[in-house]
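Build out the structure end to end from the sequences listed, making use of the hints.
Residue strings, one per chain:
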Amino acid sequence: MRLSRHQIAARVAKDIPDGAYVNLGIGVPTLVADYLPEDREIILHTENGMLGMGGAALPGQEDADLTNAGKVYVTEEIGASYFHHADSFAMMRGGHIDFCVMGAYQVSARGDLANWRTNSTTSIPGVGGAMDLAAGAKHVYVVMDLFSKTGESKLVQNCSYPLTGAECVERIYTDVAVFDVIPAGVRILEIFDDLDAGQLSTLVGFTLIDATTSATVRN
Amino acid sequence: MRLSRHQIAARVAKDIPDGAYVNLGIGVPTLVADYLPEDREIILHTENGMLGMGGAALPGQEDADLTNAGKVYVTEEIGASYFHHADSFAMMRGGHIDFCVMGAYQVSARGDLANWRTNSTTSIPGVGGAMDLAAGAKHVYVVMDLFSKTGESKLVQNCSYPLTGAECVERIYTDVAVFDVIPAGVRILEIFDDLDAGQLSTLVGFTLIDATTSATVRN
Amino acid sequence: MIDKEVHDAGEAVSGIENGATIMIGGFGPPGQPVALIEALLNRGVSDLVVINNNAGAGGDAISRLFGAGRVRKVICSFPKAIGSTVFDELFLAGKIELELVPQGNLAERIRAAGAGIGGFFTKTGYGTELAADKEVRLIDGEHYVFETPLHADFALIRASRADRWGNLVYRKTARNFGPVMAAAAKVTIAEVDHVVALGELDPEIIVTPGIYVDRFISTGYAPTNPKVTS
Amino acid sequence: MIDKEVHDAGEAVSGIENGATIMIGGFGPPGQPVALIEALLNRGVSDLVVINNNAGAGGDAISRLFGAGRVRKVICSFPKAIGSTVFDELFLAGKIELELVPQGNLAERIRAAGAGIGGFFTKTGYGTELAADKEVRLIDGEHYVFETPLHADFALIRASRADRWGNLVYRKTARNFGPVMAAAAKVTIAEVDHVVALGELDPEIIVTPGIYVDRFISTGYAPTNPKVTS
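Chain order of the listed sequences is A, B, C and D.
All residue numbers for the first sequence refer to our numbering, where the first residue is 1 and numbers rise by one.
All residue numbers for the second sequence refer to our numbering, where the first residue is 1 and numbers rise by one.
All residue numbers for the third sequence refer to our numbering, where the first residue is 1 and numbers rise by one.
All residue numbers for the fourth sequence refer to our numbering, where the first residue is 1 and numbers rise by one.
No lab work stands behind these hints, which were simulated from the structure alone.
Small disclaimer: the values here were computed from a predicted structure and weren't measured.
C-beta: ideal position from N, C-alpha, C; glycine also.
You may find that some hints are simply not true.
[Said to hold, decoys possible] Just so you have them, the derived chain B footprint on chain D, three or more residues with Cβ under 8 Å: (1) 37-49; (2) 86-98; (3) 175-183.
[Said to hold, decoys possible] Some residues of chain C that are not near chain D, with every Cβ distance over 12 Å (derived): (4) Leu41; (5) Arg72; (6) Thr122; (7) Arg164; (8) Lys186; (9) His194; (10) Val196; (11) Gly220.
So this is what it looks like as structure tokens:
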């Protein structure tokens with residue numbers, strides 16, 4: 001069984017430890033906030049100048065001066081702080097954010113990340129803070145469907161899309177499996193779908209290292 | 001008649017316009033604050049993180065957390081603001097301080113400034129913020145006695161002491177005269193002592209440009 | 001006496017001429033100086049270079065500058081916006097130049113301009129097409145790219161409150177680019193909700209000291225609900 | 001749950017070993033974390049590199065570190081102090097290394113370390129002996145010197161109030177180097193006058209967000225008159 005977007009988000013959330021400072025990207029990464037364990041105090045950073053970001057604002061209670069990086073109206077947690085953009089990105093670029101979770105078009109076997117543009121010549125390029133997170137976060141986690149709508153693996157030997165950052169991704173959470181990028185290659189930590197490591201390697205198109213154990217919970 | 005330290009400070013103060021942001025160095029420059037015209041609003045910067053610095057604190061009313069760059073307890077003016085050291089020096093280095101007034105060991109005919117160490121091998125060198133002000137203030141003004149205790153001119157063709165900054169000084173206020181450093185050389189704006197430009201040139205050791213006028217007030 | 005408040009937005013943007021490079025604050029709507037941008041539009045100047053993180057975002061005041069053909073070049077990190085086509089059409093037709101800059105490089109380059117930094121090395125963008133042809137350097141075993149300061153003739157920013165010295169405080173995430181842009185432009189013009197008496201702003205909480213503000217207008221208007229501002 | 005407060009200064013400085021590079025906050029006494037420095041002295045570690053603007057200033061806690069022979073090298077802008085001879089004697093006897101750095105370069109190099117900057121060009125110091133042998137570059141007709149980031153193993157800083165997340169606010173000119181040092185060290189240890197409940201510090205006025213603070217002690221002590229602190 002492949003995981004839904006919400007299930008992937010929940011799976012990521014399990015791995016964020018108490019006390020972590022975390023930046024969640026737009027899309028599925030944002031959903032991770034909904035699944036963070038209640039017994040952990042995890043502090044969310046938003047690139048537009050805030051630590052201690054809370055959930056989305058309720059309808060009618062939005063504050064025009066308080067949005068997240070996706071321009072969605074959000075709330076502030078007790079203990080929050082605000083700062084300007086250069087300070088916010090110094091925090092990201094200086095290696096102070098423990099985890100960032102971003103979506104991706106492609107991740108390579110070396111951990112190269114491609115998530116800011118495709119090769120389309122008619123799309124408007126936009127990069128935002130993705131390259132800063134790729135270069136600066138202590139742990140770069142990616143969430144994505146393992147296969148594109150046309151069935152191609154988004155985990156690839158070499159990215160065909162323009163890079164956001166080279167050799168920066170540490171872990172990849174997908175609907176099919178969780179992977180770690182290690183010096184020896186890409187290691188499978190968990191498989192959710194009814195596949196073994198060999199079958200998964202075949203689908204992805206290159207040999208993956210099997211580190212799944214019987215102890216692995218298959219959601 | 002040569003000016004006293006207080007008279008030099010008063011002479012500098014006359015040239016600071018309303019609305020100016022000013023950094024005053026340690027020593028005679030600090031005295032300038034006492035002579036700023038009452039009808040002008042002039043905002044003092046202190047390198048240790050404050051705009052709107054007031055005068056010295058009265059005895060018994062010192063605040064342990066509020067000093068100037070010379071570690072003297074000072075007060076805050078209405079409208080003051082505090083900031084950290086990198087922000088304070090960004091203000092100095094980014095060209096935002098209109099005037100800085102510093103003492104000097106020597107100033108050269110090209111406006112080179114030497115005020116952080118002599119050639120003594122037994123003194124402990126200390127530079128503080130002098131090089132940042134020399135490089136960053138819009139107008140670098142120097143106050144000094146024109147002659148050393150041993151009678152040598154401190155306005156020189158070439159500094160023999162190590163430089164604080166090259167070609168940075170714009171105006172020099174001394175007990176004997178006020179000078180401007182211009183591309184053509186050093187120009188005398190006012191003479192306080194009973195000397196003419198030729199005599200002053202002889203004492204200084206190189207030819208000065210005479211720009212004194214009959215309208216010049218001789219204090 | 002220092003009093004940096006001016007009467008209206010038209011007076012505030014006086015002096016901005018054709019060809020000017022203009023920083024505009026805001027990350028999307030929060031921090032965007034709408035009244036000043038409208039005044040700039042009314043002023044009719046063109047051939048502008050605009051530096052703004054989200055230049056092009058849908059239907060707002062900045063995109064009207066584009067629509068009116070006033071902007072020659074945009075320097076930003078994210079011009080895409082749902083529901084906006086003005087920028088896209090101009091860009092795809094080759095009628096507007098785009099310098100795409102990673103957001104952190106944008107913020108740091110603006111900060112560098114205000115701080116007197118001639119350029120700096122950053123890891124951001126190394127190995128990507130946004131760093132193509134840029135100087136690179138290996139420092140302590142890591143690759144860095146050389147980035148230059150971004151200066152501007154004018155900065156138009158929005159804050160919450162000001163005093164007559166131009167000291168500014170902001171609200172929440174509307175702070176964003178305002179403080180660094182204020183320091184990076186030759187002339188900084190602010191739009192604030194309210195002016196308060198000198199001394200009413202606690203010296204410990206002032207974010208932008210008045211030294212960085214040349215003049216400001218007060219709109220008397222405090223958005224707390226987005227429906228009010230849209 | 002996050003609670004960064006530790007019980008005493010000894011526990012706060014645990015983990016600091018011989019040979020560590022330590023940033024110490026303060027511009028003279030304001031901002032100097034006296035209790036932490038005393039604890040460091042009691043800890044007995046040596047061969048330290050100390051980064052502090054006024055290292056050597058007369059008779060204070062830092063100079064006692066020098067006097068006890070614990071410091072191998074000092075990086076500072078102004079080691080001279082009226083009434084102090086400890087540093088002078090060690091320096092003139094060749095028993096302590098001094099890296100003299102213009103104060104703005106010191107602050108900016110510390111800021112660069114915290115911000116992930118690999119190095120930057122500054123006008124400060126160009127043409128002086130403090131820039132001798134450094135890389136220079138002509139940028140837009142002006143001369144700049146290349147300066148590198150200053151990292152540290154530990155930062156010891158002093159603030160006014162903290163909450164359990166380690167969010168900090170400072171008082172007046174005691175703010176000085178604290179905020180940039182907190183970001184530049186691997187481990188940042190703060191000494192504050194008071195701890196307050198989470199949420200008691202207005203999010204708009206927090207100067208050092210807790211992300212930069214690893215642990216802190218509260219002295220319960222608020223100096224407002226210098227006689228109290230000396």
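Tested hints:
Here's how the segment 37-49 of chain D fares: 0 of its residues keep a CB closer than 8 Å to some CB of chain B, so the rule of at least three is not met and the hint is violated. Under a criterion of three residues with beta carbons nearer than 8 Å to beta carbons of chain B, the stated coverage of the segment 86-98 of chain D is upheld, 5 such residues being counted. For a cut-off of 8 Å, the count of residues in the segment 175-183 of chain D with a CB near a CB of chain B stands at 6, and the three-residue condition holds. A cut-off of 12 Å between C-beta atoms confirms that C:Leu41 is not in contact with chain D; the least separation is 31 Å.
No beta-carbon of chain D comes within 12 Å of the beta-carbon of C:Arg72; the shortest separation is about 21 Å. With a least beta-carbon separation of about 6 Å from chain D, C:Thr122 fails to lie farther than 12 Å from that chain, contradicting its non-interface assignment. Against the 12 Å criterion, C:Arg164 stays outside the reach of chain D, whose nearest CB is about 21 Å from its own CB. Every C-beta of chain D lies more than 12 Å from that of C:Lys186, the closest at about 14 Å, which supports listing it as non-interface.
Distance check on C:His194: its Cβ is at least 15 Å (rounded) from any Cβ of chain D, clearing the 12 Å threshold; non-interface status holds. A cut-off of 12 Å between C-beta atoms confirms that C:Val196 is not in contact with chain D; the least separation is 15 Å. At roughly 21 Å, the least C-beta separation between C:Gly220 and chain D is larger than 12 Å, which holds for a residue marked as non-interface.
Consistency note: the structure conflicts with the earlier hints numbered 1 and 6.
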